[in-house]
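There are 2 protein chains.
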Amino acid sequence: MIQRHHLLAAAMIAAPALFPVAAHAEEGMWTFDGFPAAQMRAQYGWAPDQPWLDRTRAAAVRLTGGCSASFVSDAGLILTNHHCVADCLADLSTADNDLLGKGFRPASRAEERKCPGQQAEVVTAIGDVTADVKRAIGSLAGADLVKARDARMAEIEKAGCPDMVKTRCQVVPLYGGGQYKLYTYRKYSDVRIAWAPEDRAATFGGDPDNFNFPRYSLDASFLRAYEDGKPVKPAAFLKWNPRGPQPGEATFVVGNPGSTSRLYTTAQLAMDRELRLPVTVTTLSELRGRLIRSMEESPEKYREGQEELNGIENSLKVYIGRMKALNDPAFAARLAQAEADLRSKSAGNAAIGDPWADVARAVDASRALYLANRYMRPSSSLYDYARTLVRAAAERAKPNGERLPGYTDSALPLTEKVVLDNKPVITWIDRQSLEWSLSKAREYLGVDDPDSKLLLGSESPEAMAARLVGGSKLGDPAVRKALWDGGQAAIDASTDPMILFAKKLDARDRELTRLTNQQVSGPLTAAAARLSDARFAAYGASVYPDATFTLRISYGKVDGWMERGKPVPPVTTLGGTYDRSTGAEPFDLAPAFAANAAKVDRAVTYNFVTTNDIIGGNSGSPVLDKAGTVIGAAFDGNINSLGGNYGYQADVNRTVVVSTAAVNEALRTIYPSPALLAELNGKRSR
Amino acid sequence: MIQRHHLLAAAMIAAPALFPVAAHAEEGMWTFDGFPAAQMRAQYGWAPDQPWLDRTRAAAVRLTGGCSASFVSDAGLILTNHHCVADCLADLSTADNDLLGKGFRPASRAEERKCPGQQAEVVTAIGDVTADVKRAIGSLAGADLVKARDARMAEIEKAGCPDMVKTRCQVVPLYGGGQYKLYTYRKYSDVRIAWAPEDRAATFGGDPDNFNFPRYSLDASFLRAYEDGKPVKPAAFLKWNPRGPQPGEATFVVGNPGSTSRLYTTAQLAMDRELRLPVTVTTLSELRGRLIRSMEESPEKYREGQEELNGIENSLKVYIGRMKALNDPAFAARLAQAEADLRSKSAGNAAIGDPWADVARAVDASRALYLANRYMRPSSSLYDYARTLVRAAAERAKPNGERLPGYTDSALPLTEKVVLDNKPVITWIDRQSLEWSLSKAREYLGVDDPDSKLLLGSESPEAMAARLVGGSKLGDPAVRKALWDGGQAAIDASTDPMILFAKKLDARDRELTRLTNQQVSGPLTAAAARLSDARFAAYGASVYPDATFTLRISYGKVDGWMERGKPVPPVTTLGGTYDRSTGAEPFDLAPAFAANAAKVDRAVTYNFVTTNDIIGGNSGSPVLDKAGTVIGAAFDGNINSLGGNYGYQADVNRTVVVSTAAVNEALRTIYPSPALLAELNGKRSR
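As you go down the protein sequences, you meet chains A and B in turn.
Here the first sequence is numbered in the working numbering, starting from 552 and rising by one per residue.
Here the second sequence is numbered in the working numbering, starting from 552 and rising by one per residue.
Please keep in mind that the hints were generated in silico from the structure rather than gathered at the bench.
One should not assume that every hint holds.
Since the list gives no way to pick out one identical chain from another, each pair is judged satisfied if it fits inside one copy or across any two copies.
[Claimed, not checked] In silico DSS-like pairs for lysine-lysine, Cα to Cα no more than 27 Å straight-line:
| no. | residue 1 | residue 2 |
| --- | --- | --- |
| 1 | Lys-1004 | Lys-868 |
| 2 | Lys-974 | Lys-781 |
| 3 | Lys-1117 | Lys-1004 |
Produce the entire structure from the sequences given, and follow the hints as far as they go.
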């Protein structure tokens, strides 16, 4: 799986987006208003024109769960990855009806079921508000800079989208603050699951095969957007083209890469390599172990924990890959060389000065705050609810421009939806996660640290997690709604232990935000703007910004690569699954694959790889051919792509795609779905 | 806890011991024949004379379980750490009689109980066999070098110790092969547990307080050596001195530091930082998580898993500390500077040439073999038995000089003892460990790797671990004895699934050993000898060899340190435990501490820190004063000592000691043990 992008996590990290030194080969996650048509034409002898780009953009969908997707019918049908809807399937599953395991194939549209917390969004306009935001920042610094910037962004967003039911406005800093763009979205907050294969069909090979290729995964599913109880008729949709790819043919990936750190300075890279990644990998591995063992305790737990485990193992593989990349001397040298080149080109430019030193100072502060920032927000869905409810009550009482991000008028509708949607909390998982998080807090902060004492008092992590998760009623959406609607008075009156815990941590939580803004985010924003200027001066304007979970387009081609001296062919076939299966998990065939083995056309292309430049958040992105028709959905990167957060390696980075040909064949012979087939292939079945 | 030294693991790593650039302050784990008396006298105005050293050496004990200790009575009483006997206590515990939890205080010597697998050894002679071994090596290289060296060492050992019941001979390469010394030991293979406090008294503060200070731990226990069913009368014993330490007073730690890597070249450090430590920390964290969760399943599992978890958490803290040290730019720079200095001093010396390049090539080979070496020997006690039995059958049929290390005539008695002693195997722990090990093999080697396929065939790690551990009878010592005594015919006839598994892996296991000898150990031994010469030429002979789990002496003093700008006092008192206890695990008082709170003299020194230079394997080492009396047992390092594997930082590295004063007070008021008190304090109670 490509790592799903977690909006909140990305917001916390607040990585400044800077410029790459020079895009080579297919490198680049381009904004739609900055597509390098001339460059592509020089390489491929062809490039899309503006109408092609406009049509494609209008059909591209962002899923607020952290994925990408596309409309593929005029009745609101959305193609995405199975791993982007697995959460939804798990939420809708019960002990008697394991929708994640069996998949979901409703007999009619009336049986399609709403995915809790999910929202689909289509960009309708992109406007430049750089001058406006920069004027508000003026010469401010530190926390004042962040506050003024956030306040102005909140005002622009509110003014831009008076209709908060059908539209959403977001001001996005690009190039670390070199540009501010106002993205306007048409939003659909009723998104239903329309089709999903068996879990094993999508996860064949499991964690061992994840991020590897050759691959045999039906990592595809369909959602449908609804409005007023009816399927949406989107402004545009992509034409479904169930054919296999041609080696060497041009491909486009259109989606929302979550975040990249391609222009981190040496100081920022060192913090990732020395602190953030080791702590993350070490502690997450322990949680993985706890979960694996819990799931072995009963079939019920095995089912309930599956999706959580997939997410953890996927993230771990990403972080381990990043550590490996940063520990690779050749890769590290390339990044260092890029910085050295920019420094030398900028030498003597007084307006630029030494932003690298400013970044290094901010990174020192960030290191000092890292463990507190990490552990003073314990890992628990119930705690997340409590924190949001406590904060919302306080923030909503303030003027729009004074509120924390996430609580401004423009952001509140999605925050409210996420809190109030009926997404089940699995108590044992939440308790385990909280217990782990509190015990790691004590381990890393130390027993005698004031933050550690504030968290735990004299309780043990185990007893505290049992008390809080066991005693909280926040798993009930009605209880959350009462607290949301009741505002500060309801929060003040609540005796829910998780609410009390969130209230206890609130002051320190806000103080950490303020310290981080003052010492890290503010200085980094100011430095990034100067680094931005330095890059423009050195390399011109033809560069792409770091990823920001906004719509981008990448061009590339169908192509294998050389792995340890051996060529990896770019394409697998459905027949390959049968050859690879051993019967032992996770290499056991999905039951429908086994049952329909005789019917399946084994020559059909299953998965393929392309040179497109993608990253987590791109999951579910449509893969288009030159005609603009969809020939697949991107669902993964190869193992070499894991360093892609820091840099694209043209020779070995690959995007992994599930082909429309395979999905079509599955709809025909493995999971016969005539209505869906007809809808996709343009034959009206209604 | 100080990390216990694992002999086999250290043998596998085969780190070449080289010279430090320059010992500063209290740095140094000195051999008894190389004690720097002049240097100490210059710093302290006093140094021990030869009789002092001889007496001390004769009372020092090595425990083959991986710890250090000392005789403290004329009736074979041995002082060591509680964490050095915790394994034994766990082995002797049952569901009805939790000796680890309650501790062990026999009413009389007749009730003292034998510790499975444990052997006590006292050095009686050290001889130089350098010329002899080097002659055997001649100009050989690679695997031939290793083979010739090992064969000659086996011959020397066999000739040196005709009495294999009471003596043991070991040839130890020092300075990576610059010297070879023959150590002769008086051995005692019947070692019984004589006294242990409650587990919580020793582990108060648990993992959170481990490697930290201030500290409140009664990490002390007593063993007794027996021979012919009677307590041993040792050649020498240390005088028990139950007084608190004086700040600034000189202290000596006498014990067996396991291994250090203080003179790794840059290439070797990079391999640790980039490969070995990240893989180890990540995977061990997952095992930790699995075990934590398993232990939560029942009180029985909680008891059974405790000692395993303590070991894992302790190792993890060590490895995490090493990673942190290597990722600390200042620490890394110091190590790089040492190498640069030696290179510059050696420039132009043709006899030395460029051993750094040879080491770098060997390290490249070591990296390539690392995952196979790690995973082709699955983690399971039952597998270890099977592998030893399979190998022993084949090796014993060969001439002494042709055998693998561990199976030579001189090594066989201990190997046999470890295999045949009645040490219980806890099936669920062994199965969990094997499942984890096989699943990590598949994850790191990859599904399609030939080694991975050889391990798993078409089975899943889960199914295979269940089949092998569930089906094997090797947990029964009688079954092992039949296979040991039956030799190759018994092995050939065995249908035990673990024996079959070990036989399946044997050829590849041996091939990996050969490849490692050829490409790594051989070249490293040759290069280390030249690096050794380079260091002698540059810095003279007054330097100490890297640790080799042989007897060393370190001098230092009682002293606190500055931590983040604040002084840490060097001493805690028994009363501090009561102040620190919260009632919540692991900060709950041991029951006897709570019950006897009114009787305890709270002013008595509990733990203290010194500047002595120690490492894992030193656990249980006696801490002596100038008079040569024992005032404590070393049981830990502080958090800053974790980089001590690579380098000693005089300002912040500290040894943590449990004082004899506290042990004496515990024997008086907390665990009243009048006979033991009398024995220690020289009043014959018999």
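Structure-based check of each hint:
no. : hint                   : in the structure
1   : Lys-1004 with Lys-868  : between (33 Å within a copy, 21 Å between copies)
2   : Lys-974 with Lys-781   : within (22 Å within a copy, 69 Å between copies)
3   : Lys-1117 with Lys-1004 : between (55 Å within a copy, 19 Å between copies)
The structure agrees with every numbered hint stated previously.
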